[in-house]
Amino acid sequence: MIPSESDAVLMARIEARDARALGELYDRYAPRLLGLARRILGGGGEAEEVVQEVFLFAWRSAASYDGGRGAVLSWLLIATRSRAIDRLRARGAGSRPPLRPLEDAGDPPAVDDVEASSADREWQAICRSAVGELPAEQRAVLELAYFEGLTQQEIAERTATPLGTVKTRARLGLMKLRERLRPYRRSGTDAP
Amino acid sequence: MPHSERHEELVALLALGAPLGADAAELERHRAEGCAVCEALLAEGREAATALGASVASTLPPPELRERILGALGPRRASPPPAAPWRVFAAAAALLLAAVVFDDARLRRDREELRSRSADLAGRLHDAETALAERTLRARVLESDDMQMMRLGGSGPQSGARGMVCWSAKARRGILMAGRLAPLPSDRQYELWVFQNGKPVNAGVFDADASGRAVFESAPFPEAEAQNFAVTVEPRGGMPSPTGPVVLVGAPA
Chain A
-16 MIPSESDAVL MARIEARDAR ALGELYDRYA PRLLGLARRI LGGGGEAEEV VQEVFLFAWR
44 SAASYDGGRG AVLSWLLIAT RSRAIDRLRA RGAGSRPPLR PLEDAGDPPA VDDVEASSAD
104 REWQAICRSA VGELPAEQRA VLELAYFEGL TQQEIAERTA TPLGTVKTRA RLGLMKLRER
164 LRPYRRSGTD AP
Chain B
2 MPHSERHEEL VALLALGAPL GADAAELERH RAEGCAVCEA LLAEGREAAT ALGASVASTL
62 PPPELRERIL GALGPRRASP PPAAPWRVFA AAAALLLAAV VFDDARLRRD REELRSRSAD
122 LAGRLHDAET ALAERTLRAR VLESDDMQMM RLGGSGPQSG ARGMVCWSAK ARRGILMAGR
182 LAPLPSDRQY ELWVFQNGKP VNAGVFDADA SGRAVFESAP FPEAEAQNFA VTVEPRGGMP
242 SPTGPVVLVG APA
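Note that the protein sequences, when read in sequence, are chains A and B.
Under the working numbering, think of the first position of the first sequence as -16, with each following residue one higher.
Under the working numbering, think of the first position of the second sequence as 2, with each following residue one higher.
Calculated from the structure, these hints are not laboratory results.
All C-beta atoms, glycine included, are put in the ideal place defined by N, C-alpha and C.
Please note: incorrect hints may appear among the correct ones.
Partial selection, computed: residues in chain A whose CB lies under 10 angstroms from chain B [what the hints assert, rightly or not]:
(1) Val(-8)
(2) Gly6
(3) Tyr9
(4) Trp42
(5) Cys110
(6) Leu133
(7) Gln135
(8) Ala143
(9) Thr151
If you want the ones that stay clear, here's a sample from chain B, every Cβ over 10 angstroms from chain A, calculated [stated by the list, open to error]:
(10) Met2
(11) Glu10
(12) Glu29
(13) Cys39
(14) Gly54
(15) Val57
(16) Leu98
(17) Arg110
(18) Ser145
(19) Met148
(20) Ala172
(21) Met178
(22) Gly213
(23) Glu224
Please build the complete structure, drawing on both the sequences and the hints.
This is the structure:
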C-alpha cells in the first residue's frame, strides 16, 4: 500500500516537463478523480473541467508535491475535492443540495478503471469497506461534510440533529476511519 | 486554553473540509499556542478524510478529455539534441527511425489488444468480487439458527417494488434483497427501517443498481426483536427518522 516507485518517478518526469509522463499519470488516476468530481458535482461537464484543472495543476506544480507527506493519489484527490467543492459553493445554492441526476444522457457509466494497478484497486476496496463499516449516523456527517462541503450548522439542519451531536459524530466517525486504516499505513509514508 | 475534546471536534470538522464559521477563531487561537495533539490529529484526520474520496467508484472519462489536457500544457521538455551531423550517420539514423516507427506501431497495436483483454478481465473480477461479498454477508445471517424472513411489498410511488428481509435476532442484523426499485437522483438514497417497540429505527442506507436491484446488509439493530421493516427514500446519507415516501413495507404476521 505504499506509493509505487513509478508514481514517484512519474512525478519527477512531470517536473522535468515530460508530457508523456502526465499522460501516464492521467491514465492511472483520471477515472478515480472523475468519479470523485462527479460524486460531488453530479454528471455533466463541470466534473470533467475539474479533472482538467487538477492535471494542469499537477503539471504546473509537480515540484510542490512532497512524497514524504502522502501518496500521489491522495495529493490528486485533495486537489480534486477542493476544486469541486469550490464550484459547488459557487453555485450559490445556500444550504440546498444540488440536484445531481445520475443518468445524464451520454455520460459514461461508473467503471472499474482498466489502468488501475491491483494495489490501487485494493486500496479503493479497503477505503470503501472502512467507510461502509462506520455507523450510519457518523458516516452521514462525514459524507455531508466531505462530499457536499456543508458547515456544521448545515449538517445539523439537514440531519435534524443538535449541533453538539454533529460535532461528536464528526470526531468519532473520523477517529474510527483513522483506526480502520491504521494497519495499512507504512512508516513515514501514507497509504495512497 | 488547555487542549479539550471540543478542540478535537473542531479539528475533525476542519480535516473533513467543513467550514468552521464562528468556531474558526477559537481553534486558530488554540493551534497558535502550539498544541501538538491537534496538529497530529489534523494530519491523521486529513489522511482519513481522503479515504472518503478514495472510496468513490471510478468513472471512465470521455476520450477527448485526455487530448484536451495534454493539448493545454505549457512549455515541454525540449527534444533531445540531434545526433552528430555526419551524413553517413544521418542515413543510418533515418533507417533506425523507420524501424522504430514500425516497432512503435506494432507496440501500440499490442497495447490496444492487451488493454481490451485486461478490461474484459477487470470486468469479470469485479463481478466475482461482488458475488463473493454478497455471499459472505448472506452467510452471516442465513446460517444463524434463529433466522427469520419477511416479505416486503411495494408501496406509494413504487407499488411495483418487491423485497424480502432475512434477519437474526441473535446477530441483530438483517439482509434486504429488493428488486424493481426506481432509480433515484444522486442526492437521494434508500433507507431501511426496522420497527422496534413500535418505532422505526434507522438500519442503514443503500443504493439500487442500474437494474433496480439491491442486496444490502443492515446496520446492527439496537434491540434484538424486529416487528416490521420498511424502506423510504431519503436525502443521501440518511435521516434519523423517516421523512420521504415509503416504497417498501412488510406485513407482519
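Hint check:
The restraint placing Val(-8)/A at the interface with chain B is violated, with a minimum CB-CB distance near 15 angstroms, outside the 10 angstroms limit. Because the closest C-beta pair between Gly6/A and chain B is about 6 angstroms apart, less than 10 angstroms, the hint holds. Using the Cβ-Cβ criterion of 10 angstroms, the hint placing Tyr9/A at the interface with chain B is satisfied: the shortest such distance is roughly 6 angstroms. Using the Cβ-Cβ criterion of 10 angstroms, the hint placing Trp42/A at the interface with chain B is satisfied: the shortest such distance is roughly 6 angstroms.
Hint status for Cys110/A: holds, given a least beta-carbon distance of 4 angstroms to chain B, under 10 angstroms. The criterion of a C-beta within 10 angstroms of any C-beta in chain B is met by Leu133/A, whose closest approach is roughly 7 angstroms, and the hint holds. Here the hint on Gln135/A is kept, as its CB sits about 6 angstroms from the closest CB of chain B, short of 10 angstroms. Because the beta carbon of Ala143/A sits about 6 angstroms from the nearest beta carbon in chain B, less than 10 angstroms, this interface hint is met.
Residue-level restraint check for Thr151/A holds (minimum Cβ-Cβ distance to chain B is 7 angstroms; threshold 10 angstroms). Even its closest Cβ contact with chain A, about 17 angstroms, leaves Met2/B beyond 10 angstroms, as expected for a residue assigned away from the interface. With a closest Cβ-Cβ approach of about 4 angstroms to chain A, Glu10/B is found to fall inside the 10 angstroms limit, against its non-interface label. In this structure Glu29/B is separated from chain A by more than 10 angstroms, as the shortest Cβ-Cβ distance comes to about 16 angstroms.
With a least CB separation of 12 angstroms from chain A, Cys39/B remains clear of the 10 angstroms interface cut-off, as annotated. The Cβ of Gly54/B does not lie farther than 10 angstroms from every Cβ of chain A; its closest approach is about 4 angstroms, which violates its non-interface assignment. The claim that Val57/B is not at the interface with chain A is violated, since a C-beta of that chain comes within 10 angstroms of its own (minimum 5 angstroms). With a least beta-carbon separation of about 18 angstroms from chain A, Leu98/B lies farther than 10 angstroms from that chain, consistent with its non-interface assignment.
With a cut of 10 angstroms on Cβ distances, Arg110/B stays outside the contact zone with chain A, its closest approach being about 17 angstroms. The non-interface label for Ser145/B is consistent with chain A: the shortest C-beta to C-beta separation is roughly 20 angstroms, beyond 10 angstroms. With a least beta-carbon separation of about 22 angstroms from chain A, Met148/B lies farther than 10 angstroms from that chain, consistent with its non-interface assignment. With a least CB separation of 15 angstroms from chain A, Ala172/B remains clear of the 10 angstroms interface cut-off, as annotated.
Distance to chain A confirms Met178/B as a non-interface residue, since its nearest Cβ pair spans about 18 angstroms, more than 10 angstroms. The non-interface label for Gly213/B is consistent with chain A: the shortest C-beta to C-beta separation is roughly 12 angstroms, beyond 10 angstroms. With a least CB separation of 16 angstroms from chain A, Glu224/B remains clear of the 10 angstroms interface cut-off, as annotated.
The structure is inconsistent with the numbered hints 1, 11, 14, 15, although it conforms to all the rest.
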